[in-house]
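Residue numbers (the numbering used here), protein chains in the order written: chain A, 1 to 402; chain B, 1 to 141; chain C, 1 to 561; chain D, 1 to 429.
Since the hints were derived computationally from the structure, they do not count as laboratory data.
Heads up, a few of these hints could be off.
Mimicking DSSO-like on lysine-lysine, the simulated pairs with C-alpha atoms at most 27 Å apart in a straight line are [what the hints assert, rightly or not]:
| no. | chain 1 | residue 1 | chain 2 | residue 2 |
| --- | --- | --- | --- | --- |
| 1 | A | K291 | C | K3 |
| 2 | A | K49 | A | K34 |
| 3 | D | K62 | D | K204 |
| 4 | C | K81 | D | K373 |
| 5 | C | K430 | D | K301 |
| 6 | D | K308 | C | K481 |
| 7 | C | K517 | A | K96 |
| 8 | D | K3 | C | K430 |
For each label pair, taking beta carbons as the anchor points, the in silico distance ranges come out as [unchecked claim]:
| no. | chain 1 | residue 1 | chain 2 | residue 2 | range |
| --- | --- | --- | --- | --- | --- |
| 9 | D | K235 | A | D286 | 51 to 57 Å |
| 10 | D | Q304 | C | K487 | 37 to 43 Å |
| 11 | D | E257 | C | K414 | 45 to 51 Å |
| 12 | C | D220 | B | I130 | 44 to 50 Å |
| 13 | C | G312 | D | D389 | 39 to 45 Å |
| 14 | C | E61 | D | S102 | 29 to 35 Å |
| 15 | C | D376 | D | N340 | 35 to 41 Å |
| 16 | D | T243 | B | I130 | 32 to 38 Å |
| 17 | D | E70 | C | N207 | 33 to 39 Å |
| 18 | C | T241 | A | E209 | 49 to 55 Å |
| 19 | D | D185 | C | R561 | 57 to 63 Å |
| 20 | C | D220 | A | E10 | 36 to 42 Å |
| 21 | A | K11 | C | T241 | 54 to 60 Å |
For every residue, glycine included, the Cβ atom is placed at its ideal position computed from N, Cα and C.
Below are the chains, spelled out letter by letter.
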Amino acid sequence: MTATENIKIEKPTKGASIPAKEGIKKAILGILKKALETESLDAIMIPVKVPETESYAWVLLKDTVLLENANPLPPVMTIQGGKVLSDLTKHGKINKNIAVILRPCETRAAVELFKLKQLHFENISLISIDCPGAIPLSEYLAEPEKNEKSFGNILDKWDKDDSVRAICKTCYRFSLPTLTNTPASDLHIGLSGNTKDDVLLIPITSKGEKLLEKLDLKPDSSLKKWEIKINEIKKIKSQRRKKFNQDFKTEISGPEKFTAVFDGCINCHNCQSVCPICYCQQCYFDSATTKLSSEDYFRRAKDRGALRFPLDTILFHLGRMSHMALSCVSCGACEDACPMSISVSQVFSLVGEQTQQAFNYTPGINRGETLPLQDYLEDEFCEVETPSECEPTNSNEVKENV
Amino acid sequence: MDKDFKPNIVGFLCNWCSYAGADLAGSNKLEIKPFLSVVKVMCSSRVNSNLVLTSFLWGADGVLIAGCHPGDCHYEKGNYYARRRFALLKKIMESLNLEPQRLQLSWVSASEGKRYAEVVNKFAEDIIKIGPSPFRKNQNL
Amino acid sequence: MSKKIGVYICECGTNISDRINIDRVIDEISSLENVGIAKKYGLLCSPAGKKYLVEEIKKEELTHLVIGACSPREHEQTFMKVCLEAGLNPYLFQMVNIREQCAWMISDKEAATRLAIKYIRAGIKRVTLHKSLEKIELESNPDVLVIGGGIAGIEASLSLAGPERKVYLVEKTEALGGMTNKFAQLLPHQGTNLSIIKDKIEQVNNNEHIEVLTSSTVKDIHGFLGNFEISVTNHEQDSETKEFKAGAVVVAIGFNLYDPKEAPAYGYGEVENVINALEFETMSSTGKIVLKNGKPPAAVALVHCVGRKEEGYCSKTCCLYSIKFARILKDKLPDVDVSEFYQDLCLPDKSDQNYFEEAKKKGIHFIQSDEIEIKDINDRIKVKYKSAEGKKEELIVDMAILASAMVPSQDTPKIAEILNLPLDKTGFFKEAHEMLNPIATPIEGVYIAGCALGPKNIPDSIVQSQAAAGKILTTLVPGKKLEPEVKTAEIREEFCTGCQTCLSVCFYGVISFDEQKGISTVNEAICRGCGSCVGSCPSGAIKIKHFTYPQLYREVLEALR
Amino acid sequence: MKKQNVLIIGAGVAGMEASQLLTEAGHKVYLVEKESLIGGQTIKFEEVYPNMECSTCMVSPKQQEILQNENIDLLLLSEVKEVNGTAGEFKVKVKKKASYVSLANCIGCGACYEPCPVSLDNYFEEGLTKMKAIAVPCAGALPNVPAIDAENCLRLNGKKKECQACKEACMFDAIDFSEKDETLDLEVNAIIVATGFDMLDLKKLPQYGYNQKDNVYTAMEFERLYAENGPTEGKLILRDGDTPKTIGIIHCAGREEQGYCSAVCCMYSTKFSHFLKHKLPEAKIKEFHSDLCIPGKSHQKFYQEALKKEIEFIRCQDISVEKKNGSLQVNYQNGNIEKNTFTANMIIVAPAMLPGKDTKTLTETLGLSQDDKGFFATKSKELSPVTTDVEGIYVVGCAEGPKDIPDSIAQAEAAVGKIMNLSQGKNNE
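Isolated chain A (complex conformation):
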C-alpha cells in the first residue's frame, strides 16, 4: 500500500444515492457495468452464478456481458473473498484498476491478510457492502431457487432472518466503521438506505472518492438514516451475540465439554483449508513435525492402556486457534466446510472475540494497525504472570471500533 492510496478522508457524512427500485443487485450491477464501459475500472472481481450448480464462483471479469450472472451480495459465501483477493494479488503487482466487492467479514479478512503480507491493495479498489448474512451452503444448494428468492428481499430482514447461518445471526460487524486513519475499504455500499428504494455509495478513501468522480456520481445525500438503521440493528445483534456467547460458553467450556465438541471431528482439516487467516504454505499440523514413530505410539498406548487415532485432533484445533484467533473475523467459512457439522465457527468466533478483547484489538478494521504478536508494551499483561507482582495494566475493556 503506498501512502497516497489509503488516506482517510473526513468521516463521510454523505454518499451517492443510487435508485434501486428493481432491487439492489440490479442497481449495483448497473453501476459496475458503467464503470467497465467508461473504463473507470479495468476489471471486477465478483461472485458469479455457475449455471449448472446454481452455486457461486469468484470471477475476475472484464466482459460486461458476464455481469448478467454476477451478484455483489450472493445468498451464500462459497469461498472467502479475502482469500480470493490474496490469490489474485499475492504474486506481484497489477497495473490495471480492479475493483473487488466483499462482505464486511471478507473485507476484514483481506485487511488481516494485508497485515500478514499475503495481499496488497495497489490498484485495487476494495468495495465493501452491508451484509445481512449468508445462508448455510448445504441448505442453499438443497433448494437454490427458493433460497435465492427468500434472500432476495433482504432489506426487510436484517436481524430477523432465520435462514442465515448461526454465526451471521449474531454478527454485529455486518457493516464497516468509516472512521480510522487507514480504513479497511475504499468505498462502502450502504444498504437499508434512506428509503427502501436506494442504496448508498459511501466514499471512504480518496481512492473511493475518485472512483465516484469517474462515474460522475455526486455524494450528496445524507447518511443519517442509514447510520441510525445500522446502529439499531447493531444494538440488537450485539445483545443477541452477548446472550449467545453466555449460553454457548457454558455449553462448550471445560475440558470434557470442549473435547466432546470435537469428538466427531474426522480430521479432514477442511476448516483450515477454507479459513482465510490460515494462510500458511503448509499447515504445521499436516506436516510430519507433530507425528511420532510407530514404536513411540505403541509405547504410549502401553503406558496409557489405549491411544486414540488420529491423536492430534484437539491439538490441531487448539493449535489453529493459537495461530489465528487474534485475526479471526467470524466469517463462518469453517462451519460451512465442516462435513460433520461441528459448530467450529461459533467456537473459534467465541475464542477470537475474547482473546481480541484481551489484546484490545479488532482484526480487519484498520489497515495501519500492527498485529498483536508483532508488537509489545514494556508494561502489560502482568496479570498473566504468577506470582503476579503488579496491578493488571492491560484492563480488558473492549475499545469500541464500530
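Add chains B, C and D to chain A, keeping to what the hints say.
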C-alpha cells in the same frame, strides 16, 4: 484431592536467568518437589504454542515457562514477545475454561534461587490440588 | 551409519552418588536404543576423568555422547573440548544436569533417581536427533567507515587507522572539528583545549591511512559485520557518489542544541541580549563581549538547564560550561557581576568540584532556583525565579546566557534508517546493552561514539571513540576470520509464507525479506540464536539449530512418561 | 599482527571486559585479582540502575566466559609486586598467595565449610554475616572454589596445628596445606590497571551515627542486605530484627571532605528507594541530598518515577543522625534557614567513593602518580583519558575516578583500543 498423585510438569527455562536461578536453588540445596522436568531453551521467546500444547496433549498436568524479568532479557526484548504469546495461550484456555491454572509464566532471575524453589513448589501444589490433566485420560485425546 | 551412544554418569565424588542410585539409572537406560555403553565415573571433570572420556570415545568409536553430571553452566564447555580432542563433533554431545537440578534439590533418593532416569533418557533421545555443527569462518574487511568529523569521529579515526586498516572519515560540512569549531575555549581542567584538537585534526589530515571525505553524506549501507557496502555522496562535486567496502561502522554524528524558542519563558528571540551558549562562544572568541548597544554588560545571568524539563534529562555538560562562561566573563570584564541560576549543580567528574570552587572564589554568585522567567524592562533584563526557599524573587541584569540542553542531531533518524538502528525514548541511538555494551548497537559491527549516544563531555566522547576502536580492532583482525555463532536460525523455505512476523521480532536485524522468493532469509553471520523468530513464526517455518522442535519435543515427551 | 601479552590488574567489570576483548583478538591476558573470586563490586548488587536489571544475570555469563577462556591466565589472591622495563617489554613479578585449595580438584560442593571450627566476619557481606576460614563468601561466587584464610585458619596460624577438619571433609583431595605462596615472573607488552575503588569508612564521619549496631547502613551494606544471595536471602531484616518502615537515605556523605562528587550516589540511592517501595509499599522514604547529580539521557526518568512513587527528595545541608529515644533522627537544614528533623527506623548513607586501598603502593610499583584526589593520575590534561605518564600502562574504571558501570566498561574498551592501535602500528616498523 488425591494425596499420592504425582503430577507431570514440564518447565521451559531460559538459559540465562531462570536456568541459572534453578542451578542456584540446587547449589543452595533448596528442597524442590520432584515433579517438574526442565527443558532448557536459550530464550523464553523460543517457546511456541505448539510446544506448550503438545506438552498438554501428551499428558502434562502443568506447563511452566520461566524467563528473565521484563527488561532483563539477555536478548533485550525476547521476553516481552514471549509474554504476549503466553498471554494469548492463557486467554484461549481461559475463554474455554481449559483449566488455565495449568499453564504458568514466571520471571526468575539468576540470583533468585529461592524464588525458583518457591515458584516451582507452589505450582506443583496447585497442580496437585487440581488433579490429573483431563488430557491424560485417553478418551480425551 | 548406525549410532553408538556413550552414556557416562559422574558420581561427582559423592555429591551425586549419595543422592541418586546411579547403578539403577544405568540399568534403566542401558537397554535403550542406540545406547552402546553406560558407565559411571568418579569425577569426569577431573584431568583423569577427561582423559578417560577421550579414550572411551576413541576406543568405543562412539557416535554420540551423553554425560549426566553437574549443570552445563559448569562444565558443558569442558566436555565439548573433550569431544573435540577425541575427534567427536561437540554438538553430538548432550549434557544432562543431574546435580544442581536433581540430586541437590531432591532429598528423597528414590524420587531423585526417578527424575535422573527421566533426564538421562531425555538426553539420550535428544542426542540422537543432534546434527553435527561446524564453525563457519568468514573473511572480513578490516577497513572502517567513521560517520561524523567532530572530535569523536576524529579520535575514532586516529585510533583505528593503521598500516593494515584504512579509515574513511565522512563529514557533511567542509571542515573537521564539529562543534568544537564554534567554541572559544574548552575546559582546561578536563584537558580539553583547542590546540590539542587542532593537532588531532592535523594528524588526521596527515595520516596516509585515513581518507577524509568532507562535504559528504552517507547515502546507503548494506551488508553486515566484516562486509559492509557503502555509498557516500559528495554534495560539492555535483553529488558524485563514491562506493567502497568496510568491515565496521562508527557513528559519531554528535548532537544539536535545544532551541530556547521552544520554551518562551526564557524570552529568547524576544528579549534583547538574551543569547544562547553558542552565540556567547562566538562572541568571546571574537574577543568582544558586548551588548547589542555595543556597551559591555555590567551584570550577566547564566541560566542553566534550559530545556532540561522539556527533554526530560540532564545534559551533564551545561553546569560546567556555564561556570566556564562565568570565568571568561570575569577574566575579560573583571568587575562584571555574574550570577548562575542552576537547578542542580551536576559536577560528576573528580576534577569538576575544584573548577567550581575556584569560580566561587572569583565572586560568582550561584543561585539555586527554578521556574525562571526572563522579561524585558526598559532595555535591561529582569530574571524572575523561585528561590531555594520557594520565594518568588527577581534580579536585573544586562545579558542572559542560556545553557541549552543537548538534543539528538537532526541526522539521527536518517542514519538510524540507513543502518536499521533503534533509537531510545530520548531520540538518541540505543545501546546494544546500556550497562555491559554501552557503545555497541544491536547491529553487529556498528558502533556509536560521543554525543550521538547521549549528552557527554569531550573526554567521555574521546573514551567512547577509543572504545569503539577497541571493539573493532579486536573483532576485525587482519588475516583472522570471523567465527559467528553456530546455533543459528534457519528458514525452512517450503514453510515460509513471507508474512515477515520474524522481521518484526528480531532485535538484531538479522532477518531480511527476499522479494524474489517472497520469503524471509536469515543472515547466519550475525544471528545470535535466541530463537525469538522461531517462537513467533506462525507457520513453524524457522528452525534454530541445536534447539529444533523435534529436539525439544523429544525432551518434552520423555518428561511426560 | 604480533601477539600481545597484557597484564590486567583487577577482575571487576572493567578488567573482565578488557580481558575478553583482548583474547578475542588472540592475545594473551594475565588477569591478576587480589580476592579469591572475580566480578569486583558489581556482583554485590542485586539490581543496577536505571533499568533495575538483575546484576547477577548480567555479569555471571561474563564471569563464566572468563573462567573458561584458555587465553586468560587468572591469578587469584595475587598482587603485582614489581614492574621493570618499558612498553612492549615489561617484566612483572606477581605474588600469588596460596589458597590451599586446588582449582583443578575442587568442584565447589562446599562440604568443607561446615566442619571448619573458625567463624569470621564475612568481608564480602560487609560483615553482616559470618563465614568460615574456608568458604566462598557468597552463593554463586565464581570461581565456585573456596580459599583458606591463612591468618585465621587454626592449622595455618599455628593455634591448632593438628586441625584438618576441611581436609577430612573433602572427597576430592582438593585441600593441600603444604601449598606455598609463589612469585611469578611475567613478561608483558602492556598493563591495564582496573583496581576499582573503595568506599569511605563511615566511622570517620561520626555525624551519621554509623556504628554497625544501630539501623544505620552503608550503601554497600544495604546492597548486600537486599541481595537474593545475600546474608538474609533478600529479606529486609534490620539489625534490631525490625523491618524498615520509615527510611532516610542520605547522599553525599564525605563529598565535602573529599572535594568531589562521586557521580553515582544519587542514582543508586534512588535505586534503593525504588527497590524499597517495591518490597514495602507502605514504607515512608525520604532522600536527603545536596545537588542531584543525575546526568545522562536515561537517569532523570528514573528519578521522576521515584517521585511518582511518593518518595520525598529533600535538598538540604548539615545532615546528621542521632539516636533519640530508641529510634533514629535525621537532623537537616533545608533552604538556608529552618532546621528540620525526620524520625526513621532505618538510615542508609551513601559514602564517597575513594581510591582503592592499594593505589599508593601500586602507583609506586608501576611508576605512576596519584592525582590530587588520590586516584591514578592519567594524561587527561592532554585529552588522553586512559593513558598514564608511563607508555604502555593504562588506567580504567573507578581506579581513574568515580564512575558508573557503562563508563568503566567504555574505558576498558578504550584502553584495549589504545593497545591494539599501537600494536597494529608496530607492524610496519
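Evaluation of the provided hints:
Of the supplied pair hints, the one linking K291(A) and K3(C) holds, its CA atoms being roughly 22 Å apart against a limit of 27 Å. With a C-alpha separation of about 20 Å, the suggested pair K49(A) and K34(A) falls inside the 27 Å cut-off, and the hint holds. Of the supplied pair hints, the one linking K62(D) and K204(D) is violated, its CA atoms being roughly 36 Å apart against a limit of 27 Å. Between K81(C) and K373(D) the alpha-carbon distance is near 48 Å, which puts this suggested pair outside the 27 Å criterion.
Our distance criterion of 27 Å between C-alpha atoms is met by K430(C) and K301(D), whose separation comes to about 16 Å. Of the pairs offered as hints, the one joining K308(D) and K481(C) is violated, with about 51 Å between alpha carbons and a cut-off of 27 Å exceeded. Using a Cα cut-off of 27 Å, the hinted pair K517(C) and K96(A) holds, with the two alpha carbons roughly 24 Å apart. For the suggested pair K3(D) and K430(C), the alpha carbons sit about 34 Å apart, so the restraint of at most 27 Å is broken.
Hint check: K235(D) to D286(A), Cβ distance near 54 Å, so the stated range 51 to 57 Å holds. For Q304(D) paired with K487(C), a C-beta distance near 41 Å keeps the hint of 37 to 43 Å intact. Separation of E257(D) from K414(C) is about 49 Å and conforms to the stated range, judged on CB atoms against 45 to 51 Å. Between D220(C) and I130(B) the C-beta distance comes to about 58 Å, which lies outside the given range of 44 to 50 Å.
Evaluation of the 39 to 45 Å hint for G312(C) and D389(D) yields a pass: the beta carbon distance comes to about 41 Å. Between E61(C) and S102(D) the beta carbons are some 34 Å apart, a value that agrees with the proposed interval 29 to 35 Å. For the pair D376(C) and N340(D), the supplied restraint of 35 to 41 Å holds, since their beta-carbon distance comes to about 39 Å. Here the CB-CB span from T243(D) to I130(B) is close to 35 Å, well matched to the stated 32 to 38 Å.
Under the hint 33 to 39 Å, the C-beta atoms of E70(D) and N207(C), about 36 Å apart, fit the expected range. Separated by about 41 Å at the C-beta atoms, T241(C) and E209(A) break the suggested range of 49 to 55 Å. Between D185(D) and R561(C) the Cβ separation comes to about 59 Å, which falls inside the hinted range of 57 to 63 Å. Remark: the range hint 36 to 42 Å for D220(C) to E10(A) is upheld by a beta-carbon distance near 39 Å.
Between K11(A) and T241(C) the beta carbon distance is about 46 Å. The supplied range of 54 to 60 Å is therefore violated.
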